[in-house]
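*Asks:* Starting from the given sequences, assemble the full structure and let the hints guide the process.
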Amino acid sequence: MRASTVLLNSIVLIQLFAAQIDAKGSKSPWQTFSGDAPLVIARGGFSGLFPDSSIDAYNFAMQTSVAGAVLCCDVQLTKDGHGVSFPDLKLNNASNIGDIYPNRQKSYPVNGVTTQGWFTIDFSLRDLNNVSLIRGIFSRSEKFDGNGYSILTVQDVSMQIKPESFWLNIQHDAFYAQHNLSISSFLISASRTVSIDYISSPKLNFFSKVKGRFWRNEPSFVFQFLGKEEFEPTTKRTYGSILSNLTYVKTFASGILVPKSYILPLDDKQYLLPPTFLVQDAHKAGLQLYVSGFANDVDIAYNYSFDPVSEYLSFVDNGYFSVDGVLSDFPITASASIDCFSHIGRNARKQMDFLVITKNGASGDYPGCTDLAYEKAIEDGADVIDCSVKMSSDGKPFCSSSIDLTQSTMVIQSPFRNRSTIIPDISSDPGIYTFNLTWPEIQSLTPAIMNPYRSYNMFRNPNEKNSGRIISLSEFLHLANKSTSIYGVLISVEYVVYLREKQGLDVVKAVLDTLTETGYSNGTSTTKVMIQSTHSSVLVDFKKKSKYETVYKVEETIRDISDSAIEDIKKFANAVVIGKSSVFPDVGSFVTGQTNVVERLRKSKLPVYVELFQNEFVSQPYDFCSDATVEINTYITGAGINGTITEFPLTASRYKRNQCLGRKETPSYMSPIKPGILLSLANPRSLPPAEAPYPVFTEDDVTESPQPPGTEKSPSSSTNAQTHRPSGQTRLTLSLRLSVFASLLLL
1 MRASTVLLNS IVLIQLFAAQ IDAKGSKSPW QTFSGDAPLV IARGGFSGLF
51 PDSSIDAYNF AMQTSVAGAV LCCDVQLTKD GHGVSFPDLK LNNASNIGDI
101 YPNRQKSYPV NGVTTQGWFT IDFSLRDLNN VSLIRGIFSR SEKFDGNGYS
151 ILTVQDVSMQ IKPESFWLNI QHDAFYAQHN LSISSFLISA SRTVSIDYIS
201 SPKLNFFSKV KGRFWRNEPS FVFQFLGKEE FEPTTKRTYG SILSNLTYVK
251 TFASGILVPK SYILPLDDKQ YLLPPTFLVQ DAHKAGLQLY VSGFANDVDI
301 AYNYSFDPVS EYLSFVDNGY FSVDGVLSDF PITASASIDC FSHIGRNARK
351 QMDFLVITKN GASGDYPGCT DLAYEKAIED GADVIDCSVK MSSDGKPFCS
401 SSIDLTQSTM VIQSPFRNRS TIIPDISSDP GIYTFNLTWP EIQSLTPAIM
451 NPYRSYNMFR NPNEKNSGRI ISLSEFLHLA NKSTSIYGVL ISVEYVVYLR
501 EKQGLDVVKA VLDTLTETGY SNGTSTTKVM IQSTHSSVLV DFKKKSKYET
551 VYKVEETIRD ISDSAIEDIK KFANAVVIGK SSVFPDVGSF VTGQTNVVER
601 LRKSKLPVYV ELFQNEFVSQ PYDFCSDATV EINTYITGAG INGTITEFPL
651 TASRYKRNQC LGRKETPSYM SPIKPGILLS LANPRSLPPA EAPYPVFTED
701 DVTESPQPPG TEKSPSSSTN AQTHRPSGQT RLTLSLRLSV FASLLLL
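In this text, residue positions in the sequence shown follow my numbering: the first is 1, and each later residue adds one.
Since no wrong hints were added, every one of them can be taken at face value.
When the alpha-carbon atoms are kept at most 27 Å apart in a straight line, the in silico DSS-like pairs for lysine-lysine are as follows:
1. Lys27 - Lys250
2. Lys664 - Lys674
3. Lys482 - Lys547
4. Lys284 - Lys203
5. Lys545 - Lys528
6. Lys209 - Lys79
7. Lys603 - Lys547
8. Lys674 - Lys605
Derived Cβ-Cβ restraints for the label pairs, each shown as a range:
9. Ser485 - Arg663: 22 to 30 Å
10. Asn129 - Leu273: 43 to 51 Å
11. Leu273 - Tyr456: 19 to 27 Å
12. Thr438 - Thr516: 22 to 30 Å
13. Pro415 - Arg663: 54 to 62 Å
14. Ser208 - Arg454: 46 to 54 Å
15. Ser124 - Thr251: 33 to 41 Å
16. Asn457 - Ser686: 19 to 27 Å
17. Ser668 - Glu218: 25 to 33 Å
18. Glu665 - Arg349: 13 to 21 Å
19. Ala177 - Arg216: 21 to 29 Å
20. Asp267 - Pro706: 55 to 63 Å
No lab work stands behind these hints, which were simulated from the structure alone. Quick caveat, the model's predicted, so the values are computed rather than measured. Beta carbons are placed, not taken as given, at the ideal position from N, Cα and C, and that holds for glycine.
*Replies:* Rendered as structure tokens:
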């Protein structure tokens, strides 16, 4: 399949070069230097959520990390010689120092460059008592900035947090020396009361100042490599050139800390290049190798499909080498990747039973509803693949994510761009609709990948943005039937009334006829068929004419559902689809609580499938730590849903084999997030005003008039629809507004 060769993930990429790698045999499953599991090193605590080096960042890191996780502090010196934990030489980068002392900024040369700001050397520890920590990366949440987090000393962190392992990073030893401050003297003095396990620095001569001078057991010294073209001031050599003499580095350090690109470099399009041999070279030289730069909320290689767990696994469990530790802003993800998802194959026993249902196939990796999207979904372990059925003008049912082809294809660049029309029944905006083109014309179109987060500058797999071909419903059903791993198909049917009344197209009949033609109705196919619609009248129609399972989709976000509505749904549906916010409502990107909708539906024997799961971190409330796996875990083990509807089936499929779920005690990093906990830690003044509660779903929301019979209206007279909302289409407007919005984000 092309899906398995074009979109190379990191592990496959490494395997292509396996013959060149001299991996050592070991009884341990880990190919680290020691044979032990890689270290999880929390940079500034849980700095991906909370202000770097704050008390909550440190506490949350310890609560959500593996046993033995290392707490890493960047150390700066005050003018009275105290060592504080702060991520930068300049205080204005992650504190409100400018508001407290607006007139005390200065300029100093830093590594030969004149730099302006508020420097720690100009403030005593007492001066800093009034200063609070805030976020240092503006793309992260500002909701914790007003909490008054104090700047902590190294001793504060050691005594209050009591980390099992403590790592101190020293970036600016030479700068402090120029101002008559000695960070080496501070470290040696601090070691009397603080247990220091690791010390890192990018300056070679720093290690000669501290080596052999500690009061307790000497820490492990780690030489930090900066950018390959940057110069190390002691040797005047680039860090890239120092890589060629790792045996020299071994004379003063036991390990090295490098950026991710030193091991798995990227090309100029953000795709993975072949791996380097640095891990093997470091281990041969007797050095442990640690990697920096892991964060869930930054761009990563497109090969990982926005999934940080996949990225970690490519560094720690690729079958040929493993780094010795990862320096992360999100230690919960690093912990789960190493302890829960390493060393499990695709055939490993499933620890959790739920359906992985696709949304237009693997539409996060390829244009939705194309052959490649479906092939990738099957390869990635989807249980159910879906087809959102649309109709061509000549009555051919096919799979398409939108009835408006401008949203899912490059039709506006085709000879059919003049077919644009406004159909008030569907949208007030012009579109080129599927029923305006014949099936051969639609087949000639180039598909286009959807980019729902284009406004955040996040694009999906640009190398394959127009790959694949549009397939008919018949082809889709044959593809599913050929697969030995697929449990079922989900066929979504909408616009039934409009197509019957205005276009003379009977989508219900077309779907049923195609199922019969492909062997699904006579028992020759073992693949389960599910028919989904937002309209009860459509499902009632299918129930009258077939024995397929039916799935009712509730479009509205709801806070509860009445008993009468549930009883009504049970008359025509075998399962229900609801949105994520109907399970865990949120405000200001924070989960506020949990509804009882899932519990009530399941108690009535109605399975609940939830949509839409996506890997992009901007699709998730902050509670889920910018990690799609954390979100899935909370919905599955926390809310008890029966299935996830996702654009990235690999992430959900891998979660099923999560080995942490098979243990007597579930570790904290695989426990569901408690709704409202993170909100309680946010600054109340930074939150938006409370919104009106979501509605309760009632019987009146379910009941619809029966479907009208099909007409003999010719499809050729279809372009002059009148403003009219047919019976059973009361909720059409909302879904189409969302579709139009999505089209604006199309690359």
